[in-house]
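Asker: Residues per chain, in single letters:
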Amino acid sequence: MKPEHVQMLASQIEALMLASDEPLSLTRLRGLLDEELHSSDIRAALSELEALYRNRGIQLIQIAGGWQFRTAPEHADLIQQLWEIRPQRLSRSAMETLAIIAYRQPVTRAEIEALRGVKVSSQMIATLQERGWIKVLGRKEVPGRPHLFGTGKQFLVDFGLESLKDLPDSAQLMDEDEIQQMVMGSIQQHENEETEPGKENPDQDEIGNTYLNANKTASG
Amino acid sequence: MKPEHVQMLASQIEALMLASDEPLSLTRLRGLLDEELHSSDIRAALSELEALYRNRGIQLIQIAGGWQFRTAPEHADLIQQLWEIRPQRLSRSAMETLAIIAYRQPVTRAEIEALRGVKVSSQMIATLQERGWIKVLGRKEVPGRPHLFGTGKQFLVDFGLESLKDLPDSAQLMDEDEIQQMVMGSIQQHENEETEPGKENPDQDEIGNTYLNANKTASG
Amino acid sequence: MSHAVQAELIAHEDAPHALPPVQLDQFEGPLDVLLHLIRSQEMDIFDIPMAMITVQYLRILEAQQEMDLEVAGDYLVMASTLMQLKSRMLLPRPEMDEEGNQIDPRAELAAQLVAYEQYRMLAEELNERPRLGRDVFVRSIFPESKNVERPLPEADLDALLLAFRAVLKRVGGEVRHQIFNETMSVRERMATVLERLRKGGLQLDELLADEPGREALVTTVLAILELWRQQTITVIQSESLGSITLLPKEVIE
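Protein chains in written order, with the numbering used here: chain A, 2 to 221; chain B, 2 to 221; chain C, 22 to 274.
Honestly, I wouldn't trust all of these hints.
List of simulated lysine-lysine pairs, DSS-like, C-alpha gap at most 27 Å [stated by the list, open to error]:
1. B:Lys141 to B:Lys120
2. A:Lys166 to A:Lys154
3. B:Lys136 to B:Lys154
4. A:Lys120 to C:Lys190
5. C:Lys107 to B:Lys120
6. A:Lys154 to C:Lys220
7. B:Lys141 to B:Lys166
8. C:Lys220 to A:Lys166
9. C:Lys190 to A:Lys166
10. B:Lys136 to C:Lys220
11. B:Lys154 to B:Lys120
12. C:Lys270 to C:Lys190
13. C:Lys270 to A:Lys136
14. B:Lys154 to C:Lys190
15. C:Lys190 to B:Lys120
16. B:Lys136 to B:Lys120
17. A:Lys154 to A:Lys136
18. A:Lys154 to C:Lys270
19. B:Lys166 to B:Lys136
20. B:Lys154 to B:Lys141
21. A:Lys120 to A:Lys154
22. B:Lys154 to B:Lys166
23. A:Lys136 to A:Lys120
24. A:Lys136 to A:Lys166
25. A:Lys136 to C:Lys220
Stretch-level coverage of chain B by chain C, calculated; a stretch enters the list once three of its residues show a Cβ under 8 Å from a Cβ in chain C [claimed, not checked]:
26. 2 to 12
27. 91 to 104
28. 113 to 119
29. 153 to 167
30. 177 to 186
Since the hints were derived computationally from the structure, they do not count as laboratory data.
Where a beta carbon is used, it is the ideal one built from N, C-alpha and C, also for glycine.
Here chain A stands alone, though its shape is the one from the complex (with noise of 0.2 Å):
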């Protein structure tokens, strides 16, 4: 391979390094990169890449079967003075998991990701658990028994609630106009019941409909 393709190539796997929330292994890397790449020209994109981060204040290491971006050890009592001064706020991704297992417990990993439209990666998984926030309920028996998540105690006491019955109705979190989107369609839906018999009303009921359809046109 010429220098330029591995320079490249180096350039694509520090941003996948940096950007990715558990270590990469060739193999995912060679799925994430372009397929005609031979696992040598990954590897020697590597070992550039480590040569280049070796004595400085990152350095990329192989763990668990992959490379991870990691501070160098010298630094670690600046990071942890980082760390000491402001708690870690969950991530936003990990709050909507978090939010999706407590409202719709008991889920599978693939059924958050269906609902967040993105992945949810084991190392997002493992925090919430090491927090006690969430834990394992069961298996589903769907080809591959994936694991079935739920709120632990733990998530209870640090929201501050009784139960889960205190956490606030799905439908309370709507806005505005979609409550009132709501609310229109069953007045509609009421007011077309009561004049279906003698049509009374039947400019009322011509408009409403042109609403309602044009509201579902609008969110469809």
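Got chain A sorted already, so can you dock chains B and C onto it with the hints?
Answerer: Frame of chain A; chains B and C shown alone:
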């Protein structure tokens, strides 16, 4: 400061940047690093890092008053693949509303509606608010005391801006008076041309071009 | 040649045939439609042929069969503005302001269009900027060396609810209704039942024995039915009217 000190400092900053979940400001860095350091030393180390990461898969970007590591934009597809993300599209109307708020803040909903010529739904305002892109800055002291909207910090973070001054083309943006003048001027010119004897087919093109050029400059 | 005559001539030309058909829902409002008409036909924004543009605008409006009433309002207001401007352009004598200068009735509309076009363009530019989470990404977990202890994340109910709202929004009305219609109490009970079944099978009576009151009983039954429907548990009744046994699909290793 000696070169090896700058290098040590750069290494420390590099590690902090990797371990922080938000952009780190100069003040924050100084608090974490050796107290006897001057801001200028930190700046020097930061520029060295910035240069080092230019044209790489990872970049050190100045954002919302701080610095942060981000993947280079050219690897967007790759990371989307890694995360199995369907890139979220924001509606044009949401983007238009956001643009008006960003460039015209503080601005009321009625003013946005007047500019766009359509109603702005509460839902859209809520969506932008939830993302932290806009927030209520206060109320306008006119009848009804409507909310005044402006952009929030997350807007800078998500759109990769150091401050509002970095908004593209803000200098070229014409305000109401300037537009008024431009329109009056152009229309006047037309009338003159049209009343000029012998000029039956006014050279509309020329004025159109001037306007288009002005537009191009603004977008460039 | 006066505006009036010019406008009349154009109106008779039946120009719209040159325009490719457009749908109203491609647009963000009446100003967007007008700008499309003006720019695609290379008209001069400071000398808009009112008669032609009004005809074209109304055609697009007519082609749209169903319209949200609220949105329709904005389009209709513009239609009446256009018609009014068109008729003002037909007046034989030009209107004058206090200082005796000619007033072009279209000035206000032109200013509105210029202002809107600016923001339309800026919105596009803003949208094209590399955006965090779409084009550029940051690190989301921070696994540093072993001797560094990371404080545990803090619980924040508001953030949790906000996150859930965001999910609800994304999945949209209908899907949302299908997915989140069970009440929290049933969900909670489903989790409890599953947990109790972890150690092996249970008789239905055993499971229902501890339930205080009718509502709790109903909730548990609903939870069992839902788990059964989802094929998370097996329900066995060996003889009619015999006892019912609930089993986890397979005891967890």
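Asker: Give me the numbers of the hints this structure contradicts, sorted from smallest to largest.
Answerer: Structure breaks hints 10, 12 and 26.
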